[in-house]
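Guided by the hints, dock chain B onto chain A, whose structure is given.
2 protein chains.
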Amino acid sequence: MNIRFSQRMVREDFQGDFMKLIMKAGASPDIISFAGGLPNPISFPVEAIQKATDKVLKEHGVQALQYSAVQGYPPLREFIAKRYQQQGLDITADQILITTGSQQGLEIMGAVMLDEGDYIMMENPSYLAALQLFHFYNPKVLPVDLTEEGADCDQVEELIEKYQPKFFYAIPNFQNPTGLTYSEKVRHKLANLIKNSDTIFLEDNPYGDLRYSGTPKTPCKKLMGDSCVMLGTFSKTVSPGMRLGWICCTEPVLMEKMIEYKQVIDLHSNFFCQMVLAQYFEDNKIEDHIAKITDLYSRQANYMMDCMRKYFPEEVEFTEPEGGMFLWVTLPEGLTAVELSDRAVARNVAFAAGDPFYEAERNVRTFRMNYTNCSDEEIRTGIKILGEEIADMMKKK
Amino acid sequence: MNIRFSQRMVREDFQGDFMKLIMKAGASPDIISFAGGLPNPISFPVEAIQKATDKVLKEHGVQALQYSAVQGYPPLREFIAKRYQQQGLDITADQILITTGSQQGLEIMGAVMLDEGDYIMMENPSYLAALQLFHFYNPKVLPVDLTEEGADCDQVEELIEKYQPKFFYAIPNFQNPTGLTYSEKVRHKLANLIKNSDTIFLEDNPYGDLRYSGTPKTPCKKLMGDSCVMLGTFSKTVSPGMRLGWICCTEPVLMEKMIEYKQVIDLHSNFFCQMVLAQYFEDNKIEDHIAKITDLYSRQANYMMDCMRKYFPEEVEFTEPEGGMFLWVTLPEGLTAVELSDRAVARNVAFAAGDPFYEAERNVRTFRMNYTNCSDEEIRTGIKILGEEIADMMKKK
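Top line first, the protein sequences correspond to chains A and B. Residue numbering for the first sequence follows the working numbering, starting at 1 and increasing by one per position. Residue numbering for the second sequence follows the working numbering, starting at 398 and increasing by one per position.
Okay, chain A solo, but in the shape it has when bound (with noise of 0.2 Å):
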């Protein structure tokens, strides 16, 4: 049998060998991986999902398992716009859609707003999966460069009124890759250009509740209004193994053909767990379990700082995030990450290296580290085998 793919599965794979190389060394266990980008248990509340589990199923056990309506559960959907609410924002649950994770978000507003050719803005480097699913509708990405406040502004500019992209996605918070997060003067500045545009600001904010030091920055919804989509997550709050995430879309008629599209690709999201989220934000305070997971991973971002300023030659530069579960390192130049890579794979360390982040550099001499999943003994082992790595690809150089 002779078959026939569609044209999108058969151009390029975007990275597709990369990412799978990601995910392999991640998943060994004679590895210290800095590669991945999974939560730590500790944000995992099992116990409390157990109880709230009990009693979806005790108390509302036969709705809980029926089929539902699309836009997902409305007390969900309402703990979501107060959420919002308490950050200034005017949502409410209406303008919520329940999605398979906010990854699912990212199909939505490709398959709603995307034609083969169409120009779109994104951050350079950015969330590798992101990457990939707007490739399957392959549009023309005009990368964004990042500077240490955020998106660089001259570039988006530019690039509005040369090309008039239908969207801009960006990560303002703790961004992945590099953890940056923009400044006030960035969103102020980026604001005035989206929303004299026809431009939609895609924010996807996976990390924006994992701020362990500095000020909350006003949120870009709030300066751009019905311009900004947002996407949200709970899979670094409460559980990843879930796949429940959120659209958050005030402009009624993208919201409708959303919603449309949705019920269509697979009627709605897990109904069960919405259920039990639900109950689990009604029991808990979700603030105190944030606290938790933020006191752990600001211990751990910087004792890897503490580990990378005694063991990397000065040479090498890296992100301090403020949040969030990446730091971003950049190799003294004529260093290539993927040779470090390599190097240190053979020595039983695993990164991101920073490659697949970006639409068009190979090559390149950053890479991604993830502090939230390693114990410090791993941290301390795999830093001093990196910087070693680095120290004598200075001298080989």
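Take the hints with a grain of salt, since some may be wrong.
Unchecked claim - Selected chain B positions facing chain A (in silico; Cβ < 8 Å):
1) 402
2) 454
3) 458
4) 497
5) 510
6) 620
7) 623
8) 658
9) 668
10) 670
11) 760
Derived by calculation from the structure, the hints in this document are not laboratory data. Beta carbons: idealized from backbone N, C-alpha and C, even for Gly.
Using the frame of chain A, we list chain B on its own:
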């Protein structure tokens, strides 16, 4: 802001309004609804699921709530493979991909196979949400009429020869909407046609377990080999709310592409519930549970047919299914299901007029009746009202 939607969302929403109407009628508490396709709550083993949930969270809580691999929980895939083996099919766990309901299986097949303008065959009438899904890819849909014995093989032969469609989407067991099951003869004829072509037979089998009379037929997969891709679901036997189904594909290259696509659109399906289902199947005999469901559905189907024989004018025809959830009624020539529907809704009775199940025909005289979710009293009252309205329509013709 001018929102620039993709072409797939601007093209006419295939029968979306009809769908909404069905859902709305089903949701109203005052109405007797035969319109939907909800399983009877008897099919939800609430207590056993609660036990399985407790066990999973106690014994493997962290694993259940963490990210997981895209293909799905191995013990659940092994359970599915073993049930296929019991039907004489040589299936292994690595030929199963867990999906977010079998609906997502449709999306994955659509995305992996279809470009705009590609030909596909579909039963005429077919599952409404499959028609809607595939229409997003803007294929040329070739309708295949159904006889009492299943798909019209002469049409299939002609269409394959003329158009080499990429796949034939079909529901050979207790079809939705007609309740028909393909005969042995049709299965063998189809297998010959399919095996000598590059057309994939995409078998959706949500109701296959729900046989309450007659004898099981040879699985199409057994006759077609790798040319047959099967979709399955736990929605009709355990819980639709969990949104868990699967794709079974024995062609390794196609499987690889489907996994690749699934990985990017939602990383993986709800892992917690995959573990809960696997635990439930380990601790309970699914056959005993299915027997409870089929006992009920058999009784309900027979009662509905008894009422139809009693209250419908004898010119009205209907299918006599051996399983599943639906039967299919044909009004005398000159009447339309839509008119009957309007009259029925005015008297608080709802059903699904045939129109949206057809690719092209409108103002048809067929309609779908669901019998799984009504009491005997509701069935009797509802059928009586429908009979009265049909008689009145015949008189006024």
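Structure-based check of each hint:
1. Nearest Cβ of chain A to the Cβ of residue 402 (chain B): about 6 Å, under the 8 Å cut. The hint holds.
2. Interface restraint check: residue 454 (chain B) against chain A, minimum CB-CB distance 4 Å, threshold 8 Å, status holds.
3. Because the beta carbon of residue 458 (chain B) sits about 3 Å from the nearest beta carbon in chain A, less than 8 Å, this interface hint is met.
4. For residue 497 (chain B), the suggested interface contact is upheld, since its CB lies about 5 Å from the closest CB of chain A, less than 8 Å.
5. Given the 8 Å rule on beta carbons, the hint for residue 510 (chain B) holds: about 6 Å separates it from the nearest Cβ of chain A.
6. Taking 8 Å as the C-beta contact cut-off toward chain A, the hint placing residue 620 (chain B) at the interface is violated, the least distance being around 15 Å.
7. A hinted interface residue such as residue 623 (chain B) counts as satisfied when its beta carbon comes closer than 8 Å to some beta carbon of chain A; here the least separation is about 6 Å, so the hint holds.
8. For residue 658 (chain B), the interface hint holds, the least distance from its beta-carbon to any beta-carbon of chain A being 7 Å, beneath 8 Å.
9. Because the beta carbon of residue 668 (chain B) sits about 4 Å from the nearest beta carbon in chain A, less than 8 Å, this interface hint is met.
10. Because the beta carbon of residue 670 (chain B) sits about 6 Å from the nearest beta carbon in chain A, less than 8 Å, this interface hint is met.
11. A hinted interface residue such as residue 760 (chain B) counts as satisfied when its beta carbon comes closer than 8 Å to some beta carbon of chain A; here the least separation is about 24 Å, so the hint is violated.
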